[in-house]
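Guided by the hints, dock chain D onto chain L, whose structure is given.
Residue numbers (the working numbering), protein chains in the order written: chain L, 1 to 253; chain D, 1 to 215.
These are computed hints drawn from the structure, not numbers from a lab.
Fair warning: there could be bad hints in the mix.
DSS-like, lysine-lysine: derived pairs with alpha carbons at most 30 Å apart [to be verified]:
| no. | chain 1 | residue 1 | chain 2 | residue 2 |
| --- | --- | --- | --- | --- |
| 1 | L | K86 | D | K60 |
| 2 | L | K81 | D | K65 |
| 3 | D | K65 | L | K86 |
Simulated coverage check for chain D against chain L, where a stretch passes if three residues somewhere in it have a Cβ under 8 Å from a Cβ of chain L [unchecked claim]:
| no. | segment |
| --- | --- |
| 4 | 84-92 |
| 5 | 105-115 |
In this text, a Cβ means the ideal position worked out from N, Cα and C, and glycines have one as well.
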Amino acid sequence: MNDAVVARTGAQIHEEAAPPRRWSPARVAGTVVLGAWAGLFWFLWLTGREAFYLSTRTDWVVPVAAGLLTAATIGRLSSAKVTTPKPIAARELWIFGLMVVPVVLVVFSHPATLGSFSAGKRAGFSGTSVAASASDIGSGELTLIDVAAGETSPDGERALAKRAGEQVDFVGFVTIRDDTPADEFLLARYVVTCCVADATIAEVRVVNVTPGQFANEDWVRVRGTIFPLGREVIVDAGDVTAVERPDHPYLTP
Amino acid sequence: MPSAAVTFMLAAPVLNPVVIASTYVAFRGRSTLWTMVGGRFLLGMLVAIAVGWVVGNRSKEQLLKPNPEEEHEHLLELARPEARWRRFFVHLGNDFLFMGRYLFLGATIAAAIQTFLPTSVLTGVAARPVISVLAMMALAAALSLCSESDAFVAASFVQFGPAAQLGFLVFGPMVDMKLVALYAGTFRRGFARTVVVVAAVATFVGALWVGVAFG
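For reference, chain L alone in the conformation it holds in the complex (with noise of 0.2 Å):
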């Protein structure tokens, strides 16, 4: 039947190709997106900065999410070759460069953690509802978690009031108020439960410590005498050092 219309029209007759692809611009676009948000989670799993955004319970998100989109963006790249490629709208270039703008500032801004500004603006969370109970709060090591949990819940409060007196050793950054007296200085850990999100922060007042000694956001370590009283917690300073800001910045209940 094809030898005959070939030899009506003179026309050759070939095995039916496939279409060429070509590279389709929204596809790459999106491989390019997908692309950098694997890199930022390989970023924050390598460099350990996913300490700085989420609990020690949710951070195994990182490297999962890592994996998971390293193996999108290959599997998007291979179909970015497409038989009718159709230009990339406008509007989803500005769409695709927005979602590229936390990756770059993640990357390229200083490595930041949650302190006293935000700490201000969190006054009204002061004190937390952590998984520590008073029979918690009550025994052993006393830590700044028992300290926060003491300060929302009455049973929590009346187990700290009875540790009035005890040696502590918290570690913290400092937090310096308008209305802060000059030998004062709070001192403040952020605990976490999933990620920065659901911050709420432990707080403590730190008594008779050198005027000047240090300022907002220096990491320190208080060794004192802890006075709970009533939702204010005291701890009256024997010894105060500066020192770096801990892998973990935030706790985890």
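Positioned in the frame of chain L, the structure of chain D alone reads:
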């Protein structure tokens, strides 16, 4: 059955063992423990059912927006045999790119509110029963917290009564900045509005009732 799917969508973040357990841990040692745990479970279920009932038997086409990612260059690709593993990862990438934009928008708004809005502005209304419930519901929507951890934040607002805290715990997992952005991107406008309004009204009324009955 869209109404069942909507009920499931709203109930899942509230009615699960992890969330109930975290609520218990957050409020243990307080006189309102069982009001909060039981109230969150029952009110969450009632609100989800109420929204599903109002949505009724609308069809999929009446609920969902067309997905531009599926329309784009897709039909021509159907004829091309692809390995299943590649289809999986292409689908994964498409979902990330489609949902990611809405999550990004919602998370940006929530982060801005968390950073610049002092929570002390709320404490002034803590003693007003009706307004405090509304304020805590609005705060829950603004903060966009994970339902597994929001009970710890709610419990920290010791100035507020159980009705306001319950409003925070029930409304937040159903309607927050990230979810509203996702609803707006996935569902038709009327449906998204219905979900937000019915969930808000049902939560508000339920939380007030709990406050009167058990507060």
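Hints and how they fare:
1. The straight-line distance between the Cα atoms of K86/L and K60/D is roughly 28 Å, inside the 30 Å bound, and the hint therefore holds.
2. Our distance criterion of 30 Å between C-alpha atoms is met by K81/L and K65/D, whose separation comes to about 27 Å.
3. Proposed proximity of K65/D and K86/L is supported: the alpha carbons are some 22 Å apart, at most 30 Å.
4. Interface restraint, the segment 84-92 of chain D with chain L: holds (6 residues with C-beta to C-beta distance below 8 Å; minimum three).
5. With 4 residues bearing a CB less than 8 Å from a CB of chain L, the segment 105-115 of chain D meets the requirement of three and the coverage assertion stands.
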